[in-house]
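*Asks:* For reference, the chains in residue letters:
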Amino acid sequence: MSDELLGLLDRVLGGAEREEGVEAFGVDETETSVKAYDGRIEALTSARSRGIGVRVMAAGRAGYAYTADLGEEGLRDVLAQARANAAAAAPDEANVLPDPLPADPLPELADERFGAVGVDEKVAAALRLEQAVVGRDPRVSRVDAARYGDAVRDTAIASTTGVRGGYRRTQAYAFVEAIADGDEGSTSAFGLRTGRVLHDLDLDAAAAEATDRAARVLGGRKPPSERMPVVLDPFATAAFLGVLAGALTADAVQKGRSLFADRVGDAVAAGPVTLVDDGRLLQGLSAAPWDDEGVPTGRTTLVDGGVLRGFLHNTYTAAKAGTASTGNAGRAGFASSPGVGPTNLFLTPGPQPPAELLAGAGDGFYCQSVLGVHSGANPVTGDFSVGATGLMIRDGRLAEPVREATVAGTIPEMLTDLRAVADDLRFLPFGGGTGGATVLVGAMTLAGS
Amino acid sequence: MRDGADLLDDADVAAVLRSALATGGGFAEVYAEHRQGRSLRLEDAKVEEVTSGVDRGAGVRVVRDGRTAYAYTNVLTRASLEEAAAVAAAGVGGQARTRVADLVTVRPPVTHPPARDPFEADRPWLVDVVTRADEAARSVAPSVRQATVRWADSHQDVLVANSEGHRSTERRIRCRIVVQVVAARDGVVQTGMESPGGSVGLELLDEHPPERVGRLAAQRAVEMLDAEPAPAGELAVVLGPGSGGVLFHEACGHGMEADLVARGASVYAGRRGERVGTAALTGVDDATVLGGWGSFGFDDEGTPAQRTVLFDDGVCTDYLTDRLRARELELPRSGNGRRQSYAHLPVPRMTNTFILPGADDPAEIVRGVRRGVYCDELGGGQVDTTSGDFVFGVAQAHMIENGRLTRPIRGANLVGDGPTVLARIEGIGSDFGMRQGVCGKEGQGVPAGLGNPTLLVGRLTVGGTSR
Chain A
125 MSDELLGLLD
135 RVLGGAEREE
145 GVEAFGVDET
155 ETSVKAYDGR
165 IEALTSARSR
175 GIGVRVMAAG
185 RAGYAYTADL
195 GEEGLRDVLA
205 QARANAAAAA
215 PDEANVLPDP
225 LPADPLPELA
235 DERFGAVGVD
245 EKVAAALRLE
255 QAVVGRDPRV
265 SRVDAARYGD
275 AVRDTAIAST
285 TGVRGGYRRT
295 QAYAFVEAIA
305 DGDEGSTSAF
315 GLRTGRVLHD
325 LDLDAAAAEA
335 TDRAARVLGG
345 RKPPSERMPV
355 VLDPFATAAF
365 LGVLAGALTA
375 DAVQKGRSLF
385 ADRVGDAVAA
395 GPVTLVDDGR
405 LLQGLSAAPW
415 DDEGVPTGRT
425 TLVDGGVLRG
435 FLHNTYTAAK
445 AGTASTGNAG
455 RAGFASSPGV
465 GPTNLFLTPG
475 PQPPAELLAG
485 AGDGFYCQSV
495 LGVHSGANPV
505 TGDFSVGATG
515 LMIRDGRLAE
525 PVREATVAGT
535 IPEMLTDLRA
545 VADDLRFLPF
555 GGGTGGATVL
565 VGAMTLAGS
Chain B
21 MRDGADLLDD
31 ADVAAVLRSA
41 LATGGGFAEV
51 YAEHRQGRSL
61 RLEDAKVEEV
71 TSGVDRGAGV
81 RVVRDGRTAY
91 AYTNVLTRAS
101 LEEAAAVAAA
111 GVGGQARTRV
121 ADLVTVRPPV
131 THPPARDPFE
141 ADRPWLVDVV
151 TRADEAARSV
161 APSVRQATVR
171 WADSHQDVLV
181 ANSEGHRSTE
191 RRIRCRIVVQ
201 VVAARDGVVQ
211 TGMESPGGSV
221 GLELLDEHPP
231 ERVGRLAAQR
241 AVEMLDAEPA
251 PAGELAVVLG
261 PGSGGVLFHE
271 ACGHGMEADL
281 VARGASVYAG
291 RRGERVGTAA
301 LTGVDDATVL
311 GGWGSFGFDD
321 EGTPAQRTVL
331 FDDGVCTDYL
341 TDRLRARELE
351 LPRSGNGRRQ
361 SYAHLPVPRM
371 TNTFILPGAD
381 DPAEIVRGVR
391 RGVYCDELGG
401 GQVDTTSGDF
411 VFGVAQAHMI
421 ENGRLTRPIR
431 GANLVGDGPT
441 VLARIEGIGS
451 DFGMRQGVCG
461 KEGQGVPAGL
471 GNPTLLVGRL
481 TVGGTSR
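First to last, the sequence lines map onto chains A and B. Count the first sequence with our numbering and you get residues 125 to 573, in order. Count the second sequence with our numbering and you get residues 21 to 487, in order.
Just so you know, the hints here were simulated from the structure itself, not pulled from any lab data. Computed from a predicted structure; not experimentally measured. The C-beta atom is built at its ideal place from N, Cα and C for all residues, glycine as well. Any given hint could be a false lead.
Taking beta-carbon pairs under 8 Å as the criterion, some of the chain A residues facing chain B (in silico) [what the hints assert, rightly or not]: (1) E217; (2) A218; (3) S265; (4) R455; (5) A459; (6) L495; (7) D507.
In silico negatives: residues of chain A with every beta carbon more than 10 Å from chain B [claimed, not checked]: (8) A167; (9) D201; (10) R252; (11) L405; (12) A443; (13) A448; (14) V504; (15) D547.
Please build the complete structure, drawing on both the sequences and the hints.
*Replies:* Okay, here's the thing in structure tokens:
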């Protein structure tokens, strides 16, 4: 419970000295994951882990330390370590702890049915997920893995500036990767559903998604190398948004690592592009009442009708830029000091169904998955060249499958050439939790044979 | 604490193993870990972040007929571990049938003791190291806009004990320095990186002085400012020493991991003894490389470190196994059961994976190419192991024109599939280089060494932005 965590955090704060600011952040998480393969449970994992991270700020210097040892000695040590780390760091005026601000709770984050879901039900869900794939299409007779997982996490924070709070979040997911086999090799594709509790998950929909996407690219050939219209499905769009997210943090801008630095107020994208980050959106995977330094989350419009409006901030980048935090401080866990990152970053959906975008493309390439976005796209320069699997579009309809293709271009060109966004927004676990929709890009370079 | 020996006492371990087998499991194991680490990050010519900490915990695994249940906790008391054991036991269910053998401590076949323990260096000393790297990077050219220098060192103490009576302990020490540089001129922005590391101590900095690491990263970024868009299409590709290790790792190594082989998700499944590559091509995975980034004494299941030949003169030879998969496929245990931490189940993973040097003169290899791409550094990559399809970003490359390296090119990537690349290797240099990476699989990151001599791939799809 977060009350118990807060008690531990208070003990750390009790050791704070007069001239220093101290913030303690704690997590206590219990997770279960069940993996089905070949009609039985291949693995079941259950875990509880707790830990705290401490930030000390003294004379403008910041230091961080963490521990999984929550005994008396561990708590004392972690504060001493954070203090010594601060002493070795350079001073920086922007090193400040946030003041407390009222944050509306988000009780919907925790589904009260979560605790009543037994291990048997979780096992059954993983098995059913695999079965649903295997029985659906004669070309798909096996999975790479079918997995059910869930987690309940308590998060708490307390600081000498008066920030103090705790909340609980529950999550459940079903993930399956289906393998289709044909005469000329195999293909795979994944499907997934996420929710607050097992009851939220449509397992058949996850299975159908994986199966159909794997089967339809079977027998794919290399495409010709030429420029053509490209339609990205929501998965591919979300993968690109994950890269874009990095360039939209104030941290990247201030460090000279963003292609959007000095572009606020400029048209950086075509009119259909409106990019929003909303930390309170419950359908997103990253919703929370406040961020990982206790600042209330909110809604930030980053690109509005193609015009760049601003960046994502935490307390440090905001102090540096003379603005207010947007509630985008994030940590990978108790062992990480707060950075800046998106919460639920999404492309605002347009009015058309995806089929209309295909019709608009005429002849082109429909990209259903991209490979190597994290390595093949450079968030600093905006250049990318990524592997792609999908189908050709002929006369506005999906035609023959394509594999071993590459799609190349630059992020700025892709954004300014983005002709339409479809109405099929969904949130996917890329870059924290980005929301993608089908989009039509006027022309991109496709390379194959 | 000198290694994992002090993490748990033998009586507690034996009791936990007995609890774990109470419901019919055939095999039980305790993996306990204490990891202490430090990191410094310098950016904007200032030490911005200094972090240190302790993570620790233990996991109890129970296996029965190919089913695995795992429970872990980061409270290292007998009561808490017995509770984890009970949860894991409940995951298999049934009647007790296996006895726990008396624990016998096993010595490692190889150790990687550092010459100088990194924890001997205090914080101001490390601040000086990262500052020197930064100053060297900035002095390379006025176009250097930003340098980020990271230092990380860690002690990982591990104890593995199982119901067969195996007990081993080990202290793994690792150090790494990473410099990333951003250079910009006339609206063009490029990046460069250098990141040596190993299962070594502060002597890492004798072989890789901070000044040199900083300069190399900066020189790469600055040179790429003059790069032209890469061509697209099928071309001859030369992989410089060390640069192609990641390609071999992703496109060939993963497919040799026995879990992927077992479930038919590898293009190399069922192909042992078959010729898949050029005759002179030999690739190995070797956890015994002294001080290697991916080295250890025991893997994370207590199996001794060893060298495994993956491709012997082009013939697909041995798969990389952990306990589970070795048993399932009736193969020897190769010591590749690795995990990111106590919070993870071991899976077959590579350690240091590399292609052995051949007989060709690296300069001759380049001279023999009329038009192609020379890769100095690849970026990260990804592979679909089922089809063998891969894609790699190319971080730094040059054109080869009429046997000579000419202009630098940017925005390239390499696309293909593992078996085809192995079969199209037409030259194997007598030189060698290694790089250090963090390999991700099933959400677990582990240090992985990557290496190769100069290699000529006769034809490979280069994805670029110009023709």
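*Asks:* All the hints need checking, so say for each whether the structure fits it.
*Replies:* Hint check:
Annotation: interface hint on A/E217 violated; nearest CB of chain B at approximately 12 Å, more than 8 Å. For A/A218, the interface hint is violated, since its Cβ never comes within 8 Å of a Cβ in chain B; the closest pair sits about 10 Å apart. With 8 Å as the threshold, the beta carbon of A/S265 stays out of range of chain B, its nearest partner Cβ sitting at about 10 Å, so the hint is violated. Taking 8 Å as the C-beta cut-off, the interface hint given for A/R455 is violated, the closest approach to chain B being about 12 Å.
Hint status for A/A459: holds, given a least beta-carbon distance of 6 Å to chain B, under 8 Å. The beta carbon of A/L495 comes within 5 Å of a beta carbon in chain B, closer than 8 Å, and the hint placing it at the interface holds. Interface restraint check for A/D507: the shortest CB-CB distance to chain B comes to about 4 Å, inside 8 Å, so the restraint holds. At roughly 4 Å from the closest C-beta of chain B, the C-beta of A/A167 falls inside 10 Å, breaking its exclusion from the interface.
Against the 10 Å criterion, A/D201 falls within the reach of chain B, whose nearest CB is about 8 Å from its own CB. Against the 10 Å criterion, A/R252 stays outside the reach of chain B, whose nearest CB is about 17 Å from its own CB. The Cβ of A/L405 lies farther than 10 Å from every Cβ of chain B, with a closest approach of about 25 Å, so its non-interface assignment holds. Annotated as non-interface, A/A443 keeps its C-beta farther than 10 Å from every C-beta of chain B; the closest such distance is 14 Å.
Every CB of chain B lies more than 10 Å from the CB of A/A448, the least distance being 22 Å, so the non-interface label holds. A cut-off of 10 Å between C-beta atoms contradicts the statement that A/V504 is not in contact with chain B; the least separation is 6 Å. Listed as outside the interface, A/D547 is consistent with that label: its C-beta sits roughly 30 Å from the nearest C-beta of chain B, beyond the 10 Å cut-off.
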